[in-house]
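Work out the full structure, taking the sequences as your base and the hints as a guide.
Chains as they are written, first to last, in my numbering: chain A, 279 to 737; chain B, 5 to 109.
Estimated spans, in silico, between C-beta atoms of each pair:
#, chain 1, residue 1, chain 2, residue 2, range
1, A, Val371, B, Phe20, 38 to 48 Å
2, B, Glu18, A, Gly342, 25 to 35 Å
3, A, Met279, B, Ser52, 44 to 54 Å
4, A, Glu522, B, Pro44, 16 to 26 Å
5, A, Leu367, B, Arg24, 46 to 56 Å
6, B, Glu11, A, Ala524, 23 to 33 Å
7, B, Glu18, A, Thr334, 23 to 33 Å
8, A, Pro639, B, Ser52, 20 to 30 Å
9, A, Asp377, B, Phe20, 15 to 25 Å
10, A, Gly450, B, Thr86, 22 to 32 Å
11, B, Glu11, A, Val488, 23 to 33 Å
Chain A residues, not near chain B, derived (Cβ > 10 Å throughout):
#, residue
12, Trp550
13, Thr619
14, Ala626
Rather than coming from a laboratory, the hints here were simulated on the basis of the structure. Quick caveat: nothing in here was measured; it's all calculated off a predicted structure. Ideal Cβ placement from N, Cα and C applies to all residues, glycine included.
As a plain string of letters, each chain reads:
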Amino acid sequence: MRRFDLAVIGAGPAGMAAAVEAAHLGLSVLVVDEQPAPGGQVFRAVEAAGGDPALTEEFPEAGGALVRAFRAAEDIAYWPRATLWHVDLAGGVLSVLRDGVSEEVAATRLLLATGAQERPVPVPGWTLPGVMGAGAAQILLKTAGAVPRGPVVIAGQGPLAWLLAVQLLRAGAGPMTLLETGGKGALWDALRAGGLWTGRRLLRKGLSLVREARRHGLRVVRRVRNLQAGGEGRVRRVRWDGGEIACDTLLLHEGVIPSTHIGRALGLEHRWDEAQRCWRPVLDEWGASSHGFVAVAGDGGGIGGWEAAVATGHLAAIDAARRMDRLPAAECARRARPYQTRLASALALRPFLDRLYAPAPEMLVPPDDATIICRCEEVTAGQVRLAARLGATGPNQVKAYLRAGMGPCQGRMCGGTVAAVIAEERGIPIAEAGALRPRAPFKPLTVGELAALPPGDVA
Amino acid sequence: MFATRPEARPASVEVFVEDRPVMVPEGASAAAAVLLAGIPAIRETPVSGAPRLPYCMMGVCFDCLAEIDGVANRQACMVMVTPGMRIAPQRGARQARPGLAGKGA
Ligand code: FES
Chain A
279 MRRFDLAVIG AGPAGMAAAV EAAHLGLSVL VVDEQPAPGG QVFRAVEAAG
329 GDPALTEEFP EAGGALVRAF RAAEDIAYWP RATLWHVDLA GGVLSVLRDG
379 VSEEVAATRL LLATGAQERP VPVPGWTLPG VMGAGAAQIL LKTAGAVPRG
429 PVVIAGQGPL AWLLAVQLLR AGAGPMTLLE TGGKGALWDA LRAGGLWTGR
479 RLLRKGLSLV REARRHGLRV VRRVRNLQAG GEGRVRRVRW DGGEIACDTL
529 LLHEGVIPST HIGRALGLEH RWDEAQRCWR PVLDEWGASS HGFVAVAGDG
579 GGIGGWEAAV ATGHLAAIDA ARRMDRLPAA ECARRARPYQ TRLASALALR
629 PFLDRLYAPA PEMLVPPDDA TIICRCEEVT AGQVRLAARL GATGPNQVKA
679 YLRAGMGPCQ GRMCGGTVAA VIAEERGIPI AEAGALRPRA PFKPLTVGEL
729 AALPPGDVA
Chain B
5 MFATRPEARP ASVEVFVEDR PVMVPEGASA AAAVLLAGIP AIRETPVSGA
55 PRLPYCMMGV CFDCLAEIDG VANRQACMVM VTPGMRIAPQ RGARQARPGL
105 AGKGA
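See below:
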């Protein structure tokens, strides 16, 4: 079995930075990533798409530099198109699926840099073909240069909604409407949360996006509430309180949440983050989790954006080297300082952004009983409410009652909403309803892939 | 429906979506090919038979499950196109379950 000092899961900003730092400090490093090329979602396919005029500035510049540094670093074993599907915590053994074959590798330390997923937006009609995550449309642009044809509605809020609008408009998509779902008074709340002065660079970036979107003729409707997608067999229109518009593509975005699937399956301690309305692993300042073998870096440890992710990647790698006695404590502190400074400045605007873009209540708990929450098993909000009244105390019970969370996505899409609906119905905090505890395999394996494993491996 | 932009990314790989040829850029996923082909659905749900197309494009939602080159229950958004690839919808009954994907395939 091959052995590595540090196994990094994910080749986004955090994973790449951690790998480069760890290799520099003399650690043997394995990077496992599901994508065919490094970059993560934020810099997805940057090597192929860097020249696309729709994706200018930060994407090719910052993303290109990170990927070049990662490619140039020596002594990093990089496994693209590879999926971690099982971890033996006690033995430090990882099972990784590559090209249809599972392989076991040993590691001294595991760093989860699995990034973020878009927050699911369970509005009526969100399962209709033609409705997608805004991030999904951005991935299509980055990986295929593709844009939606016909009228597009982007509904939601947050920096990505504006960025995507601008990128798609530059790429010739449209006509386009942005339905901003933010609540009334959010800006005032957000201003009080402060951080404006230290975060002024990020804020400037946001304002210039808004200006460019307007130049391109983006129509913006503010304070949209009770969004609904309608149509037979495909989305044809979007309705909200006081308005309606025809569309062929509806792109939803209510921010991103940490991808905690693997960490929860491993039993790492997680806590409910009320400001970001998501679960996040409990980590120390170096990214070390509640289990001595596992660390977490990047957005998977709490949403901070790519600059924060790079900093946490470096810090986790420095900590790994210290734990393995490759770096004296004093040197460790000295080396960490610039990244701690960068982390603080990258996070300065977060309290502001978290308040400004807090999802409206109906985005978190669908008021209409008929709204589907679990896309896989088509479980509705009403069914979950009924289960809660019958005694289900959290998403793990609802899974047994209703199969919500038992489909192929293993609750990645419904887990948070199920917990929020139960919490509201029972009048308890979401933290008490709890998080789904998924199991390995972290992704379904095919029968052929299971058959390729040595006997004792299949539990 | 999605369209490529040849000026930015030439569509150079031929794949077959429900047996119809589609040209897609290198590096695109099978799910992207489905959206570029413009078919109304890539799968039907096992519970109600509702049509679905890819939703997240990043391996989270599993609404892109398809039969790719004869193998059922592949996450089409996680599979890159190769020349001649055949992508076909799959119907509800063969939906993957964790740990038991591919059952009946
Ligand atoms: S489109 Fe969501 S998993 Fe493929």
